[in-house]
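Trainee: Residue numbers (the working numbering), protein chains in the order written: chain R, 1 to 309; chain X, 1 to 264; chain Z, 1 to 420.
Hints in this document: simulated from the structure, not taken from any laboratory. Hints are not guaranteed to be accurate.
[Stated by the list, open to error] Straight-line Cα separation of at most 20 Å, SDA-like style, residue types lysine to any residue; simulated pairs: (1) R/Lys163 x X/Lys194; (2) X/Lys179 x Z/Tyr230; (3) R/Lys66 x X/Thr187; (4) R/Lys96 x Z/Gly59; (5) R/Lys10 x X/Ala254; (6) R/Lys104 x X/Lys179; (7) R/Lys94 x Z/Tyr230; (8) X/Lys194 x R/Glu16; (9) Z/Lys58 x R/Glu16.
[As the list claims (entries may be wrong)] Here are a few chain R residues that sit away from chain X, every Cβ distance over 12 Å (derived from the structure): (10) Lys104; (11) Ser123; (12) Phe180; (13) Pro232; (14) Val236; (15) Thr261.
[Unchecked claim] Take a look, some chain R residues computed to stay more than 10 Å from chain Z by CB distance: (16) Asp89; (17) Lys94; (18) Asp116; (19) Pro164; (20) Thr226; (21) Arg240; (22) Ile254; (23) Glu257; (24) Arg278; (25) Lys288; (26) Ile293; (27) Gln299.
Glycine included, every Cβ here is placed at the ideal spot set by N, Cα and C.
What follows is each chain in one-letter form.
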Amino acid sequence: MSITKYRTLKDVPREEFLAPGTSLCAGCGALLVMRLFHKALGGDVVWVNAAGCITLMATFPYTPLKSSWFYTAMASAPAGAQGIRDALDILIRKGKLDPSENLKVAVVTGDGAASDIGLQSTSGAIHRGLDFFYLCVDNEAYGNTGFQASSLSPMGSETATTKPTHLFPAGNPLPKKDLFEIWRSHRPPYVATISPSHAVDLLRKVEKALTLKGPRLFLALCPCPTGWGIEPSESVKLARLAVETGIWPLKEAIYGEVSHTHVPSKRKPVEEYLKAQRRFAHLFRPVKNEEVIAEIQKQVDDYWSKVER
Amino acid sequence: MFAQDFAIYGAERRGAPVTAFVRLSDSPILERGYIFNPGYVLVTEPSLLFDPTVKPLEGMEEGSVLFVNSSKEVRIIPSRRVRLLQRDITGLALKHIGRDVLSAAMGAVACKLSGLISIRSVIESVEEELAELGLEQDAIEKNVQLAKECYFTVESTGLRSTSHMPPHRVVDVQYLGEKGVPDLLSTGNSILRKTGSWRVFTPIVRNELCTACGICYTSCPEGCISLDERGYPAIDYDHCKGCMVCATECPRKAISVEREAPWS
Amino acid sequence: MSKEGDKRREGGSMVLKMLTGSQAVAWAARLARVDYVPAYPITPQTEIIEILSDWIRKGEMDARFVQMESEHSLLTAAGTAAATGARVFTATSSQGLLYGFEMLYCIAGWRAPLVLVNVARALAAPITLEPDHNDVLAARDSGFLQFHAENAQEALDFVLLAYRVAEDHRVLLPAIVNIDGFHLSFTRERVELPEQSAVDEFLPEYVPVHPIKASEPVAKGIPVLIPPLYSFFKYQMHMASRNALGVFREAARAFERMFSRAYGPVEEYMLDDADTVIVMSNSFASIGKQAVKALRDEGNKVGLLKIRLFRPFPTDEIVRALRGKRCVVVIDQNISVGRGGIICPEVAEALYHLEDRPKVILPVIAGLGGKAISLEEFRHSVRVAERLASLRAGPDRPLLLFREDEEMLVESLLKTASGG
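Please put together the full structure from these sequences, using the hints given.
Mentor: Spelled out as structure tokens, the structure:
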């Protein structure tokens, strides 16, 4: 993009759209992403939510939001967004609602809702060209229920339902679904990955999406101190490591055309990222599982070899 | 002897105050749910004593025992004659484990206060339950040492009590029409919840080292850091949960990590 | 029914038409000037959304139609749109209602008024297309108001009444209007189609409570994790639904003034001197009325009570109609497997504390999966009830209506199925 408001961290907007005092964990990556995302998105938003940790931002009678919020159900937040968008449009068109009352409609869900139970609803909303934002705060498991595996849990990770045992030494045997590609295959105007460690990149992407109309989807890697087994203080550091190891590519796709917004010049070994987290501890102790670690590294290398080609 | 325990899994996440209940009895326990008139209340964090959403002292009867984990003298005036005990359990946890993990420690305190559970049972339970959680042997051993010291740092009270529901009138629910719709019209009112009570360690900005780069501001998940007109950070200690992301991210190491809250 | 044009009405002129039940409810949605129609096809409901889609695409109806990817999504969108301030109409059937079931409770809990037409169809498995009421009665505890229509005229009128009651700020609950598949949905009959201006007068514009808009942020659907809060809000819903009884009676009076058709929460058919009363709902009540006439011709003092408003349950009207009667035969066109009919226990409970309660309340299961109910079966049910009354005995189990010829048919089909 040629012109952006966001050049350095000095340009991060000062206005806060989320008050403190939520009941989310200390060091929650998803909360930081919400905070930054909202700064770029601006006010006049209605958030539509599916069941997940983020649902607990607002519990009666408290909300951190200065904007509107609608918790729907686990499977159908995008459908909830459809109803609100359509209602606002038709009420404004019929003159029953002043155009100044219009809102941006934004869905926020976790990875379980996005990749499993709510995938059908998301596909429908993108297919219909719904004018909305979708922010998936991906902590790579069902965090709100105690960190069970979702289809965005990475291969080799321990979750509450993929505990490493002598029968299953590698933890989660399944690969992480490529939700970016699933979304992109619908050819929406905008799809991007973001990270709380790269605030300027995040803000610029939201800024760009604001110039487009239709489905605009964001997949944010959100470190989860509780589920990942890291200190709360390390959550942004881990998000950065995911980018620097190449595990979490920062990219965007405009009408399906992919470009990487950050290509790590020299990728750190994935081992550095893995061994910092208790959910991968079984890959290192009591004996190092070279095979699985090498496989994870290979997948990352294969990915980037295609990008760099 | 019969026992029953359960914890409330609310919306609160890691670091948030939680509540757990234990009943001990010579006869089968026919109660369930919350304890409304506790014989013992153990509070892990003194700021919770004054938190209107927690109200740990509610329902305490005359002669009951209040134990507070605190490194400083707790000054409360309970409405009834409640026996107040306090120790710096967090300090002991930091000494033995290096982190503020309090469950084995507070459990040991509760066992001792009750006068019903031997140190051997405490050690066995700590070993068994932490092994079930998948802790490694050296971590379990540290917890055992912590539990032991906690056990011997307090005395038994020998209190016996029965908990019972306080008397309340049963009322007819009024129909409130459109006022009884479960919508929230307040905005940003989570600020009323002082999540500063979650904090064990406190970030302190050392202005002499700070370059006003704004990284701490950008990386605070809670939005608890604001910047003044020159770009220097100020921390909202009423709400800072003490995650210390700011301290980790600060390139100048200008944010130090301290145990005591400056606001107490 | 009064002859057309025999009376000058407040509602002005109207048009007489031959309409199917589906067409009638589609007309009702159009006359109600709905803003939004989220839809998803399922037999036998599909005709309704096809008609509405056509009208909207031709510009004859000023609304937005959106085809969703499932009933779960359809109900979610319907509910959030209603909460945002749009007047919403939608329809489904059977498996579709169950697929979206979670959202019924949510929409009701959001206190978002809308009208959902359920075109009744028996539930799989085994899968079938013809109606009974296990689908709509599965939703009985959800908080939706429930209107059960016998014919195309009621179907149309109930949609209009449902909007007026549901949107009333003393109520604020969504409503289901049930029409039986095929027997009503695809059956053409004479319908008085009201004038638009009269409908506009009867049904004022929807005024939402706490709609979603920029100037007044609101949080909806949020968790209430403190147990008394949950009880409180559920009680509010219950009281809102009970309040809907009075609001319905008020709306029905306005409706009668406007359109000269009177609707109570129940309909009493030949009840005055009846000893035995058949209780029914929905389209098969027509067959029940026919049977009542035939049985009266045979000298039996029989009447019929039709339940129009099932939620809120019209206890007072049911008590008034049934107290002092000798026998009550409740024909449940549904089955709670392992228990019996769903409506019978509700009727029995309403009557239990009366001194002059009926001697016998006979639970009857009939018409499952669209199985016809013959005069013989009505006559048999009435005789069983009357015999029990004379023996001063009660039924030991629900009566499952099935005929010999049907048994023979089933036997031959079983033989074919087993390769015999």
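Trainee: When the hints from earlier in the document are held up against this structure, which numbers fail?
Mentor: 1, 6, 7, 9, 13, 14, 16, 17
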